[in-house]
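S.K.: The residues making up each chain are set out below.
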Amino acid sequence: MEIVRPQWKPPSNDVVPTLPLYRSAPALEVRLEDFELYAMDRLRVLKGISDGLSRGKKPEEMEKLVNDLWKINMRHPQALEVLNKDVISHFVLRLVYCRTEDLRKWFLSMETALFRNRFRLLTADAQRALLAEFGLPYRVVARAEFEGVKEKLVQVTRSIGQPILSSDVIFYKVPFEEVPELVAGRRVFICKGHAYVAMNQVVSLVVTQFRSLLSKALILTNRKWTSMIREQEKDRLTPIVEALCSSYLGPDYSQPKEFAEISIKDFDLVAKSSFPLCMRHLFEKLREDHHLKHGGRMQLGLFLKGVGLKLDDALAFWKAEFSQKVGGERFDKEYAYSIRHNYGREGKRTDYTPYSCQKIISSTPGVGDHHGCPYRHFSEENLRAALCRMGVNGGAVEDVMDKVRNRHYQLACTLTFEAIHGLSCDAGINHPNQYFSDSQKTLKVKNHSSEQGESIGD
Amino acid sequence: MMEVDNGRDDMSIDGQSLGNGVPGGFNASYLKLYYGKLFPYADIFKWLSYGNDGKHPACDKSYFGRREFSFTLDNDIYLRFQSVNNEFELENTIKEKCPFKIDIGPVYSVDPAKRHAYSQSGDNVFTPVERELIFDIDISDYDNVRYCCSGADVCLDCWPLMTVAIKVIDASLRDDFGFNHILWVFSGRRGVHCWVCDGKARRLTNEQRAAIADYFRVYKGNENSNKRVSLTGPVLHPFLVRSYTEVLKDFFETKLLSSQNLFSTEERYGKILEMIPDESVTSELQGKWQNNKRSSISKEDINLVRWEQLKHSLQSGQKKAQGLRRCVEEIVFSFTYPRIDMEVSKHMNHLLKAPFCIHPKTGRVCVPIDPKHCEEFDPTVVPTLSQLLEELNMGGVGADDDKECDRTSLGKSLSFFRSSFLRPLLKSCKEEMESLHNAKLQQSKNSLSW
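Heads up: the sequence lines are chains A and B, in that order.
Residue numbering for the first sequence follows UniProt numbering, beginning at 1 and increasing consecutively.
Residue numbering for the second sequence follows UniProt numbering, beginning at 1 and increasing consecutively.
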């Protein structure tokens, strides 16, 4: 990666602002592993924000969400490294997300939302320092002057329907040319060419500046990427960059932690109660047709592996079904191999991991296939019917369909989960095995408490 | 056969003697005389140079030459992107072309006459770099609230709407935006133009101009809506409050109500009642007034009486919602608040008629208006072309050219232009230029020692 020298030196004696503006790439050396890991950590934050936004979280909720996401994902054992991780991860993701218009748009929105929320969480002093860094000619209104214009400021605040300012609300004085939108809407008091801008208005101005800077930077980054970096780095960074934006970031369920004590006998029950729709559908079709095509076998088979089905049980299960259609012998000849292959007992012995939602959603089921994501691949009619069979009732069905229409397939699945289990799933569904384990957890708790209830009642 | 006094070319004009009073109106020969003797080239040049015509090292000699002029000639021939390099060329070009209208555009990055040599994008671009902040207010935009005239006509009953517009906008430009060098000009027939010439104003971007225009915008009218002014919020912005209490309320109640007879007929007061969203109030008032066609209150103006009744209905009693109370202000605003032409102000490249032009339809001179005494301005007695020429004629023999305009009614306007506007402007330009120059020198000194 081309290391670019920073164009300005941060003031050495001043406090380094806690919120970097990412104006130029850091003159740091990055280890290759950190290159990828830092980026993935930041990506978790951005995807969490994306999720929160599409769920329509309110501003206060977003603030808390961002704070939590940042704390969890962007830590570093060495305090000095925290800032570096912040900056490096941002610049790596710039490379990842500069490459198409859609990617740029997404990245810009998420980084801006991240910036906005982090800015709001800064102390007043840190905020002022950041404004100075932006080179914005904002001056805090001195106490004496404030008293002189206070009445007018109150008037303006009330005229735009804001709550009355408390005495420690800070106002900034800035040339009116800097805040055309506020002037146009008569949302500021102007006097002799100066606009008196309230702190909350400052946030939106700062964010606008940030957004505009980043937007321009992304275009430049894209040019550099296409003209130079991609080719130069084709053996080192390019594959990492290209894989990053489609990566699934959760647990991979390759080693089921809790040994799922589910025997094949219980499958039917468990399928009904805890399988996500995609797997339930495959399972039902398997039961019905005694056959599944390759895509379906992979998707369901790996899922079951993630659930905790051991190889021997898996072989028994699939054979029981398939032999009703193709006979036991043919099963052993043609299908058993690939099941063992999935478990890493054949060929190059890769232990295949169960598919994430992302992967399933992007698959392309053809004629006779039943894999894929029903929320994406089913017709509206079929999806509604399937939801009903799952036990999702009228109102919730509409909510789900609404998410589907907006192409939020995972959210649709999450709502389904919530409707069936009667509780909310804040993290959202990202992986069928996550659905399964969350569901099982919930049911265990319910059973436990109902058992307790019973024993108390006796 | 009329002879011009100074013994230069004989000019025959319409075969009528100037001494008996020249027929009013506008024609090419009169215009030629005007451009020959009266048009203030030096003042226009000095103004639009903003100090760059001086000898200071910081003066930009190319500045005046990068200004766009446009000329509308006889037969509606329209010439855009004209430019001249100095006062001499300005005078010669205008005298030669004798334009029926002169418009002033922005100062471009390069001479507009050479614009085709430059591209639309990239580094070497033809683009406006400076332009006064301008406003255009036309009384025909108020046709739905004046009954005395319509369209092109204007009289002393409706002209005060322009006076009010000047007062509101001028105060805001100075007090709110901090501008100082503001020129108000009579448009020649039915409106006013405003030129804000501070350096800060000339360098505003389109976005900033649009923001200022939006700040001033209250009236959002078209034929389709009943209520074209909507003032929401528990209180109004200080700018609106000041405009209301210092100018609009008083004007509406003491002048406009009566001069336009706003409540005298059912059709007229119906338009006002349409702005009130409460049927119980409007039907009550309607009832009162319908039955009161010939009322016994002969002494008091019926408009004032009904207005008071309306206000009382809307404002008295605690049960009245705040939105209803606000109707009073909304009505006043919709009748009196300035209606600017947004498009004129928003774009740097918009052209505007030059001061001291003659309006082709009225023959009147586009003279400056003193905002401090704008109530005294009377559009019906503004000097006309024929009047000026008559005054010239009667002025005496062999007078020297420079003082010729002073012998006419134009003299007063010019002297106002110079003392109230031009002199303070040029002084400020000089100061700005010097301080900028000194700052640059200081900067280069600093960088040397780096």
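Keep in mind the hints are simulated off the structure, nothing from the lab.
Only a predicted model underlies this, so the values are computations on that prediction, with no experimental measurement involved.
Note that CB positions come from ideal geometry on N, CA and C, so glycine has one too.
Treat the hints with care, since some could be wrong.
Output of the computed footprint for chain B on chain A, the stretches with three or more beta carbons under 8 Å from beta carbons of chain B [what the hints assert, rightly or not]:
1. 150 to 163
2. 179 to 192
With a straight-line cut-off of 20 Å between C-alpha atoms, the simulated SDA-like cross-links for lysine to any residue are [what the hints assert, rightly or not]:
3. Lys192/A <-> Gly36/B
4. Lys333/A <-> Glu346/A
5. Lys192/A <-> Glu246/B
6. Lys319/A <-> Val235/B
7. Lys192/A <-> Asp170/B
8. Lys265/A <-> Lys167/B
9. Lys167/B <-> Cys191/A
10. Lys325/A <-> Tyr343/A
11. Lys150/A <-> Lys372/B
12. Lys152/A <-> Ala171/B
13. Lys95/B <-> Gly36/B
14. Lys446/A <-> Asp170/B
S.K.: Against each hint, give a clear statement of whether it holds in the structure.
M.R.: Checked hints:
1. 150 to 163: holds (count 7)
2. 179 to 192: holds (count 10)
3. Lys192/A <-> Gly36/B: violated, 42 Å
4. Lys333/A <-> Glu346/A: holds, 14 Å
5. Lys192/A <-> Glu246/B: Judged against 20 Å, a Cα distance of about 19 Å means the pair holds.
6. Lys319/A <-> Val235/B: violated, 78 Å
7. Lys192/A <-> Asp170/B: holds, 13 Å
8. Lys265/A <-> Lys167/B: The given pair, whose Cα atoms are some 89 Å apart, is violated under the 20 Å limit.
9. Lys167/B <-> Cys191/A: holds, 17 Å
10. Lys325/A <-> Tyr343/A: violated, 24 Å
11. Lys150/A <-> Lys372/B: At roughly 29 Å apart (the allowed maximum being 20 Å), Lys372/B and Lys150/A break the hint.
12. Lys152/A <-> Ala171/B: holds, 17 Å
13. Lys95/B <-> Gly36/B: Satisfied, since the Cα-Cα distance of roughly 6 Å is no more than 20 Å.
14. Lys446/A <-> Asp170/B: Cα-Cα ~73 Å, so violated.
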